[in-house]
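Protein sequence lines correspond, in order, to chains A and B. Following our numbering, the numbering of the first sequence begins with 7 at its first residue and continues without gaps. Following our numbering, the numbering of the second sequence begins with 46 at its first residue and continues without gaps.
If you're looking for bench data, these hints aren't it; they were derived computationally from the structure. Built from N, CA and C at the ideal position, the CB exists for glycine as well. There's no promise every hint is true.
A short, non-exhaustive set of chain A residues, derived as facing chain B with CB atoms under 8 Å [as the list claims (entries may be wrong)]:
1. A99
2. G109
3. S115
4. N116
5. H117
6. L131
7. R134
8. M138
9. D222
Pairwise CB distance ranges, derived in the manner of DEER restraints [unchecked claim]:
10. D61/A x P150/B: 33 to 39 Å
11. H240/A x A201/B: 55 to 61 Å
12. V221/A x I126/B: 30 to 36 Å
13. G22/A x T179/B: 37 to 43 Å
14. T175/B x T87/A: 37 to 43 Å
15. V161/B x P21/A: 52 to 58 Å
16. R79/A x S173/B: 21 to 27 Å
17. D214/A x Q215/B: 53 to 59 Å
18. P90/A x S173/B: 27 to 33 Å
19. G22/A x A201/B: 45 to 51 Å
20. S33/A x S124/B: 46 to 52 Å
21. A201/B x T50/A: 28 to 34 Å
22. G68/B x T235/A: 54 to 60 Å
23. G183/A x S173/B: 54 to 60 Å
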Amino acid sequence: MAITDLIPIPDSINPGVTNARQATMLSLLGNPRDDYTDECQPLTNPRLSALVVFDSVGAFRVLGLQPAVTALRSIIEEIATAAPAVHAGLGTAGMLCARLVRGSTHSISNHSWGTAIDLTLNGVLDRRGDRMVQRGLAEIAPVFNEHGWFWGAGFGTEDAMHFEAGDELIRRWHTEGRFSTRGPTPPPLLMVGDRGPEVVTLQQRLKDLGSQLSVDGIFGTGTRAAVMTFQAAHDLIADGVVGPRTRTALGLT
Amino acid sequence: MRSVLLFVAAIVYAWPAVANQAGASSYTSIRPRECTSPADLRASFAARQLGVQECGSVGGWRLLLVASQENTWIELRSSAITWSGEKAIVYDAPIGLFPTIGASPQVEWRLNGHGVPTALIFRVAATSRTDQKTRVSRLFVVRLEQDRACVVGRVATNAEARALADGPAQCPREQ
Chain A
7 MAITDLIPIP DSINPGVTNA RQATMLSLLG NPRDDYTDEC QPLTNPRLSA LVVFDSVGAF
67 RVLGLQPAVT ALRSIIEEIA TAAPAVHAGL GTAGMLCARL VRGSTHSISN HSWGTAIDLT
127 LNGVLDRRGD RMVQRGLAEI APVFNEHGWF WGAGFGTEDA MHFEAGDELI RRWHTEGRFS
187 TRGPTPPPLL MVGDRGPEVV TLQQRLKDLG SQLSVDGIFG TGTRAAVMTF QAAHDLIADG
247 VVGPRTRTAL GLT
Chain B
46 MRSVLLFVAA IVYAWPAVAN QAGASSYTSI RPRECTSPAD LRASFAARQL GVQECGSVGG
106 WRLLLVASQE NTWIELRSSA ITWSGEKAIV YDAPIGLFPT IGASPQVEWR LNGHGVPTAL
166 IFRVAATSRT DQKTRVSRLF VVRLEQDRAC VVGRVATNAE ARALADGPAQ CPREQ
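Use the sequences and the hints to build the structure in full.
Encoded structure:
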């Protein structure tokens, strides 16, 4: 069986790993640029720019945020031992791309901070959204997970070529001062622009409580409205952001 | 008699204008502020975690600009067909990293002698694989037929793109 052969998404992926929330990225790393277009553009945030490196991670070279590039090097070293056939076919479709996701509620691409990477196997990009994944990607995903990286096969719309430093890892890097700043780590927030399994859980909970919400894993304006309605009914500040208090009131902690 | 004369005059007057349209171009904007969110399609794209805008077009085609976290591509719809550029732009030997539409603020429609669009030309830009800092781009040429559309080439210059668009290349027919 070739590493590019397609298989269904395995069960129980991303154990204990959450995809990076946009609120976490914005609060801990800052806004990568002052303005965005459809195209990838260089970072204008001076603190982030200073952390961008173009370096080898063993199998290829990447342009990304220094802590993420360092972590990738370790991951790929481990893949060389754990899955040599996959390692031999590894390539990248890019890491850093600060741009707007036009016409969506996500606004900023999750590649805008240089902490996510798209991988190719034997030069082939896994097709997004078909709920099938390249066998080789499924083989190396646990290695990424062990290092705190989230596999994009777990998004509401499967994106198996995509791996990103998870929310917990981003927070740890912040605590360790790896982003050139220290300071208190803000509580985890869910807000417009976030997506993934956590959003599915939130939407399901809101639906269980009577909201007419579609459970699609995307925190868009509909989810925001449902959160605000819930907050208003529970004497919380109706800002549409799910922080610790709203989370507790929803019974999600 | 008067109406016959008017009819003949209309043909004489109109004919050169129509004839001159052969190999002519019409340009439509793909600037974000000049495109709109299509109410009838927004939800279906959002369900696939894709952003979508509808931009101006000609000849009865709908021109959609679709965005994922990594890429953008063009989707065309007519009463007969739906064509997506995702495969050609994102998966089939992409020109670089994170290929997207938008390096140019407009697309070019090539028209036949009757003003019917026969090809669409648009620019795709990407990050260079070599240094991952510079930008590369190519013009994609899409043949538009009544019941199908397809990429017939990707080239560097406007002249090459127009030559390809006005040339004999057609979409492959199913056997």
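*So which of those numbered hints doesn't the model satisfy?*
8, 14, 23
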